[in-house]
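*Asks:* Take a look at the letters that make up each chain.
Number of protein chains: 4
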Amino acid sequence: MADKPKKDVKKVVLAYSGGLDTSIILKWLQTTYGCEVVTFTADLGQGEELEPARAKAVLLGIKPENIFIEDLREEFVRDYVFPMFRANTVYEGQYLLGTSIARPLIAKKQIEIAEQVGADAVCHGATGKGNDQVRFELSYYALKPDITIIAPWREWDLRSREQLIAFAEMHQIPIAKDKRGEAPFSVDANLLHASSEGKVLEDPSQEVPDYVYSRTDDPVTAPDKPTVITIDFEKGDPVAIDGKKMSPATLLKALNDLGKLNGIGRLDLVENRFVGMKSRGMYETPGGTILLAAHRGIESITLDRGAGHLKDELMPNYAEMIYNGFWFTPEREMLQAAIDKSQEHVTGRVTLKLYKGSAWVIGRESPYSLYDQDLVTFEEGAVAYDHRDAEGFIRLNALRLRTLGQRKKKRGL
Amino acid sequence: MADKPKKDVKKVVLAYSGGLDTSIILKWLQTTYGCEVVTFTADLGQGEELEPARAKAVLLGIKPENIFIEDLREEFVRDYVFPMFRANTVYEGQYLLGTSIARPLIAKKQIEIAEQVGADAVCHGATGKGNDQVRFELSYYALKPDITIIAPWREWDLRSREQLIAFAEMHQIPIAKDKRGEAPFSVDANLLHASSEGKVLEDPSQEVPDYVYSRTDDPVTAPDKPTVITIDFEKGDPVAIDGKKMSPATLLKALNDLGKLNGIGRLDLVENRFVGMKSRGMYETPGGTILLAAHRGIESITLDRGAGHLKDELMPNYAEMIYNGFWFTPEREMLQAAIDKSQEHVTGRVTLKLYKGSAWVIGRESPYSLYDQDLVTFEEGAVAYDHRDAEGFIRLNALRLRTLGQRKKKRGL
Amino acid sequence: MADKPKKDVKKVVLAYSGGLDTSIILKWLQTTYGCEVVTFTADLGQGEELEPARAKAVLLGIKPENIFIEDLREEFVRDYVFPMFRANTVYEGQYLLGTSIARPLIAKKQIEIAEQVGADAVCHGATGKGNDQVRFELSYYALKPDITIIAPWREWDLRSREQLIAFAEMHQIPIAKDKRGEAPFSVDANLLHASSEGKVLEDPSQEVPDYVYSRTDDPVTAPDKPTVITIDFEKGDPVAIDGKKMSPATLLKALNDLGKLNGIGRLDLVENRFVGMKSRGMYETPGGTILLAAHRGIESITLDRGAGHLKDELMPNYAEMIYNGFWFTPEREMLQAAIDKSQEHVTGRVTLKLYKGSAWVIGRESPYSLYDQDLVTFEEGAVAYDHRDAEGFIRLNALRLRTLGQRKKKRGL
Amino acid sequence: MADKPKKDVKKVVLAYSGGLDTSIILKWLQTTYGCEVVTFTADLGQGEELEPARAKAVLLGIKPENIFIEDLREEFVRDYVFPMFRANTVYEGQYLLGTSIARPLIAKKQIEIAEQVGADAVCHGATGKGNDQVRFELSYYALKPDITIIAPWREWDLRSREQLIAFAEMHQIPIAKDKRGEAPFSVDANLLHASSEGKVLEDPSQEVPDYVYSRTDDPVTAPDKPTVITIDFEKGDPVAIDGKKMSPATLLKALNDLGKLNGIGRLDLVENRFVGMKSRGMYETPGGTILLAAHRGIESITLDRGAGHLKDELMPNYAEMIYNGFWFTPEREMLQAAIDKSQEHVTGRVTLKLYKGSAWVIGRESPYSLYDQDLVTFEEGAVAYDHRDAEGFIRLNALRLRTLGQRKKKRGL
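Chains as they are written, first to last, in the UniProt record's numbering: chain A, 1 to 413; chain B, 1 to 413; chain C, 1 to 413; chain D, 1 to 413.
So that you can see chain A by itself, here it is in the shape it has in the complex (with noise of 0.2 Å):
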């Protein structure tokens, strides 16, 4: 409480839940820092609601002017998700970037509104441990180079629960009864995903308790009968369910609801942090989840070998950008111009089973397809493909390695 401000700041765009431990921030701020507070609350489809913050924020002293609400859903979704999914972007083999991918969106919006309210600061509130802070201030700073950054996770002497709740209580903040105990976890929502981490899941030996789950049901207690839905695409981009044209993010949503039913994508992983330790985490993507599978399956029919093939190289690299936070860099850029480029004609519909966890692709069609048949045809009455090519191909494709097979009989190698 006796905390120091490490920086002179006058005004500082804070981003705000409406939760309890971003109203302490929030409060910390006006007491630590002796700032205008101006408090940010965006909608990426976390699933509750945004007044209830704006009456919490008028509560604690924040101006009318000063409180900024906004629904990012559909630039959320077709703007960062869509675009990440064109590369099949999956970090460590598996994991779909949900909380990454939210992380410099809302960035974004915090210097947009510092610099229309002329701020010098920005605040956030991810712990010092983590990836997100990572995620927000490298986005900040690649903004507004000279911004401030308020990070009180790594600032405060709030060492424990009982010190927030004593500080809360102090400063006449409202705490939810299930909030003044430790949570058996932690939760990060948005349209994409929810993840879950900390305490419970802490022994990566443990299997992931049953109550951790809010985004999917479970997979043995889901319809015992295959649902099976198709999915249209447009230049990589999702556009249609079922023939049905939907806006980025009401597609996501339905996605979502379809893949809930079904127990699709949920996720029990040890990852890597750019921090540098291993964690364990619990990762839902229901619509995510269907998504990547529908995605391959149309670029599978529209997309040359070479162009998939470099785009499964590329990914890796570009999945690392985003976890890591370096959306707003010149080399995600740059992955980002030849992902884009690749997607011109990954057009046509994906027919997929979903079913107690999986989503599984059983047809595509497309008229952009490079299987059909008769484009193999090239000439009237003549097929492209003569078997005697293969000869001629693998001959050589072999002649560096009859080389290499000769000096060794030569040399008894």
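By construction, these hints were calculated from the structure, which means they are not laboratory data. Certain hints may be false.
To be verified - Here are the computed distance ranges between Cβ atoms for each label pair:
no. : chain 1 : residue 1 : chain 2 : residue 2 : range
1   : B       : Tyr211    : A       : Lys225    : 16 to 22 Å
2   : B       : Gly412    : C       : Asp340    : 54 to 60 Å
3   : C       : Lys409    : D       : Asp203    : 46 to 52 Å
4   : A       : Gly118    : C       : Glu234    : 35 to 41 Å
5   : D       : Gln206    : B       : Gln94     : 52 to 58 Å
6   : D       : Val200    : A       : Glu112    : 52 to 58 Å
7   : B       : Lys244    : C       : Lys409    : 28 to 34 Å
As the list claims (entries may be wrong) - Stretch by stretch, here's where chain A covers chain C in the computed footprint (C-beta under 8 Å, at least three residues):
no. : region
8   : 319-330
9   : 395-402
Said to hold, decoys possible - In silico BS3-like cross-links for lysine-lysine, where the CA-CA straight-line distance does not exceed 25 Å:
no. : chain 1 : residue 1 : chain 2 : residue 2
10  : A       : Lys7      : D       : Lys6
11  : D       : Lys353    : C       : Lys353
12  : C       : Lys4      : B       : Lys4
13  : D       : Lys109    : C       : Lys410
14  : A       : Lys11     : B       : Lys408
15  : C       : Lys244    : C       : Lys225
16  : D       : Lys353    : C       : Lys11
17  : B       : Lys109    : B       : Lys225
18  : D       : Lys408    : C       : Lys109
19  : B       : Lys27     : B       : Lys10
20  : B       : Lys109    : B       : Lys11
21  : A       : Lys6      : A       : Lys129
22  : A       : Lys27     : A       : Lys109
23  : D       : Lys6      : A       : Lys6
24  : B       : Lys7      : A       : Lys409
25  : A       : Lys408    : D       : Lys6
26  : B       : Lys225    : A       : Lys260
27  : A       : Lys235    : A       : Lys353
28  : D       : Lys410    : C       : Lys10
29  : A       : Lys6      : D       : Lys4
30  : D       : Lys109    : A       : Lys341
C-beta: ideal position from N, C-alpha, C; glycine also.
Following the hints, complete the assembly by docking chains B, C and D onto the known chain A.
*Replies:* Leaving out everything else, chains B, C and D in the frame of chain A:
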């Protein structure tokens, strides 16, 4: 039938399954090339008896000393399948390379026999439109650069099923009743997988018919209760199931049984062949699918981030080498050296839940765990991770981005 | 001479230099294929007059409307050479790809003419053992998949220089005196480079004889005083020398002159051909060698590290695509999109010293410099770099290594 | 001077050069930390006597048993420089990493001494703005995760040359006359290179002044006659010059002399530091520059294309690891395993011409040559390469491109 031999050959080693097609090839070699035929029949776990092949070879006039039959299952799994799984290898994001990985071993054995019996040629039964001809022949050439290769499907004039049957009848080759007509799809099988392609599978918009599956039960009819197992790894390879030590082939067989029961490992895929066209295949890799999940699981706690990310970056290239048939090459051996180096401490136990098509890792533990909480404590009473370090870490990672941001501002970009 | 046409062709567009070899091909097409021949002669800066080619084509019976002559120098440099140099492209660490980069343009023009005149075939004069046949034909096929390709060197029965000369004489093709015997080496030239290979160059242990060099003066006899020049870049491409604006081809020509004078750009190389064997070549790329050094120089102050390192990682793959002839492919276009994206601010001036075989960058400046001292100051009176940040930066980068070290110690590894 | 020790330290191993700066550090450690100081002075070929360092350490109160002096030249070249050159390693396309590669070895020795004498800390003299602090400390932490690191330049209050000199005078540290003022640039040197940076080099638009060069003669005044030498390689490492076998350090020294004489190995570079900013340096790597050319030369005839291209693709990443200080990491060891695997037959002789700044390969020969004409003949009287193979090779490589072309046409793209 009036085929003229393309090359001068005295003795040829034929990869002989005992089936109708390779029996026709056997006879065709005798009649067209007029050369001595040596048959090689291998057990790679395809699920067929080998002794009937011997009987049939004798029947077709092969001298007993020219009949080679070998059980390669352990060598196949130990020296080909497991090394490949150390890299978490998938082709085009999904295919576990069950066919590709078997070809180099068969080719190697043929060449060894050729050296032993003084044969000047080898022969395989792969068609002229697929990848297998490439895989066989690149391996032949790499191991014995002066070998002559006979690829009947690229050479003969037998243009239809009818002609093949006629040829068989003329040469008194026994024909099973169900082999007279054209098969609705063709199958390749070994201990790692069964693949199906052709005919009924050729329209990629149509679901794979139920009767095509042979190695996996239908997930929908699979047990309603999950099966939980453990797999123990040593240096990257699985060595025990539920604590019971097994040889490589025995272990893979046991995983196959578990996978089959739970409907695990089906893959309906449109892939890009090395010879240039797209093809649609259905793969069943029950044990391999479980193994991939388990291997990623044990790596997640025992492999350092630097090693893990490097492996992920190298993998697509490594997979392409195997798919394209470049197993016996310096570049594959280079990558293998890197991959094997990484597996020194990939030792421990993974717990998995198998259920209706899915294999989920639910726990992992290891004496070499890098996750172990105690490990991150370096000094007595002190934890290595200091929140304050994060600020410097972020600020230096951001430095170049801030410089870029400053340029943008200064130049009005 | 009794060659039978391999395909049915009505009209063919021949890449025609006007030299003896392509004149023989012209006649051979007429006599063997009995088809109408359209000649295409391009100026890519090879240093030969084009009008004699027209006269010769007329002499050999080509109708005036079937003779196409085009000056492609600007297009060649602007759309092929410069884009390639944006990537600092070298094949196998050294080769500037002077021959490779010209082939796609010639092929493209041939196809355009074929479309225009309604030709059903194209023909080139590349031999059957080199890379150029591949580069021509991959481009032909990519741009017009139903085109028929005639590759005389792979088809005809002319097996020796004598037979070629005899054929020429029989068909009254004029033969320059010095073309009767076999050349001691063969040359390919354009505005970017001259390459020499064959005969006297075939023993890679022997130094290239002096008389092989044509585009560069001997460094030993080059001026004893260095030449200092500046090159200005805009968005990654050179636009001026010593402050004087020039068109792409004019500029490259001027750099060639400067390079020639100072003995710059010789390369004696054993390289790996796409068709499988090693070959020894000697390349002279005077202007290109200067340009590569200069481009790296301007990038060094204008390109961010993330972009620069990504470019370096992508380059070998990009170079291989060009060398192998895959210019008109989705994967090359993807990489080009990434590379071009990186060049937006690669603008500024580089000073170079040219001296007896070397081109050294001795200065670089740019309005977009990321080096500029002022840039690293972000706040009034404050410098962005704080020494104390380094500690946190190092400690978090070291965290995983400390964990590994701890494991080693704990396990006695 | 009133610095407070940041950590509790009993005994520290200092990387001690014997120069003024590390003498000041030595004293500062004694006075600030009040701990026992152990000095470690290594000969890495920097060109200075070591015994004066011993005398000075004694003078400054170090106990004889706490003074460690070691000649590391052979170990440095054999175990660090040569392995790095096997990869043809250059950072950002040009820099031969002379400073970077020395740091891990010094760090390793310090840690070994710390273990031996029971020290709990190590100390280096690198500044807080450069890469070397990172390289030292990552190595320290990797090799002994519980070590305490003292980085005086990040800790003390000595803010100017004047304060340093005052501190030295107060503690009776001998000060050479020319060390009183600020040096016009700073130098780091070892057997591989000398690097210069700072002050007079800080403006990247200005040419490096002549007096900065110390390891190379001016190319303009270098001999007017080329020097021709041969270098013999065994398994990727150089073993003899002009047929004379030499130890690693002796050989590199001899190459340095040859390079110096001919003005070879100067590099004026703006590079990207790991800590985030650009810096301008001047490097002199005479022997290394010759070695790089020679190694590429011997690889050009002994290394297969597959291995060579893979090496080229891996190199930028490998170079970055070394530059950033990640030598003792699993990922560097993985790449080293791959690289070393490739060098098994990189054995033979290269002839080079050295002349006024350039080192040109003019010949190469090897008993393991893959170029050897005879090798490409596989059968008696027959050459392996058949022109007709090229057609099939091209046609199958073109197949996917033709399919793409057909799609374009069909869809009017």
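*Asks:* Evaluate each hint against the coordinates.
*Replies:* Against the structure, the hints come out as follows:
For Tyr211 of chain B and Lys225 of chain A, the Cβ-Cβ distance of about 21 Å falls inside the hinted range of 16 to 22 Å, so the restraint holds. For Gly412 of chain B and Asp340 of chain C, the Cβ-Cβ distance of about 22 Å falls outside the hinted range of 54 to 60 Å, so the restraint is violated. At about 48 Å, the CB distance of Lys409 of chain C to Asp203 of chain D agrees with the hint of 46 to 52 Å. Between Gly118 of chain A and Glu234 of chain C, the C-beta spacing of about 36 Å keeps the proposed range 35 to 41 Å intact.
In this structure, Gln206 of chain D and Gln94 of chain B meet the distance hint of 52 to 58 Å, their C-beta atoms being roughly 56 Å apart. Distance hint check: the CB atoms of Val200 of chain D and Glu112 of chain A are about 44 Å apart, inconsistent with the given range 52 to 58 Å. Against the hinted window of 28 to 34 Å, the Cβ-Cβ separation of Lys244 of chain B and Lys409 of chain C comes to about 33 Å, which satisfies the hint. Counting residues of the region 319-330 of chain C whose CB lies closer than 8 Å to any CB of chain A gives 3, so the stated coverage by that chain holds, three being the minimum.
With a threshold of 8 Å between beta carbons, the proposed coverage of the region 395-402 of chain C by chain A holds, since 5 of its residues qualify and at least three are required. For the hint pairing Lys7 of chain A with Lys6 of chain D, the CA-to-CA distance comes to about 23 Å; that is within 25 Å, so the pair holds. Among the hinted pairs, Lys353 of chain D with Lys353 of chain C is consistent with the structure: their alpha-carbon atoms are about 21 Å apart, no more than 25 Å. This hinted pair checks out: Lys4 of chain C and Lys4 of chain B have alpha carbons roughly 22 Å apart, not beyond 25 Å.
As the CA atoms of Lys109 of chain D and Lys410 of chain C are separated by approximately 21 Å, the hinted pair is consistent with the 25 Å bound. As the CA atoms of Lys11 of chain A and Lys408 of chain B are separated by approximately 24 Å, the hinted pair is consistent with the 25 Å bound. Our distance criterion of 25 Å between C-alpha atoms is met by Lys244 of chain C and Lys225 of chain C, whose separation comes to about 23 Å. Between the alpha carbons of Lys353 of chain D and Lys11 of chain C the distance comes to roughly 52 Å, so the proposed pair goes past 25 Å and is violated.
For the given pair, Lys109 of chain B sits about 43 Å from Lys225 of chain B by alpha-carbon distance, which is inconsistent with the 25 Å threshold. This hinted pair checks out: Lys408 of chain D and Lys109 of chain C have alpha carbons roughly 18 Å apart, not beyond 25 Å. Between Lys27 of chain B and Lys10 of chain B the alpha-carbon distance is near 15 Å, which keeps this suggested pair within the 25 Å criterion. Restraint check: the Cα-Cα separation between Lys109 of chain B and Lys11 of chain B comes to about 16 Å, which is no more than 25 Å; the hinted pair holds.
Among the hinted pairs, Lys6 of chain A with Lys129 of chain A is consistent with the structure: their alpha-carbon atoms are about 19 Å apart, no more than 25 Å. Taking the CA atoms of Lys27 of chain A and Lys109 of chain A, the gap is about 22 Å. The hint holds against a cut of 25 Å. Restraint check for Lys6 of chain D and Lys6 of chain A: the C-alpha separation of about 20 Å stays at or below 25 Å, so the hint holds. Straight-line distance between C-alpha atoms of Lys7 of chain B and Lys409 of chain A comes to about 23 Å, which keeps the hinted pair within the 25 Å bound.
Between Lys408 of chain A and Lys6 of chain D the CA atoms are separated by roughly 61 Å; this puts the pair beyond 25 Å, and the hint is violated. With a CA separation close to 20 Å, the supplied pair Lys225 of chain B and Lys260 of chain A stays within the 25 Å bound. Restraint check for Lys235 of chain A and Lys353 of chain A: the C-alpha separation of about 23 Å stays at or below 25 Å, so the hint holds. Note on Lys410 of chain D and Lys10 of chain C: the hinted pairing holds, with a Cα-Cα distance of about 24 Å set against a maximum of 25 Å.
Restraint check for Lys6 of chain A and Lys4 of chain D: satisfied, since their Cα atoms lie roughly 21 Å apart, inside the 25 Å limit. For the suggested pair Lys109 of chain D and Lys341 of chain A, the alpha carbons sit about 51 Å apart, so the restraint of at most 25 Å is broken.
Taken one by one, the earlier hints fail for this structure at numbers 2, 6, 16, 17, 25, 30, listed in ascending order.
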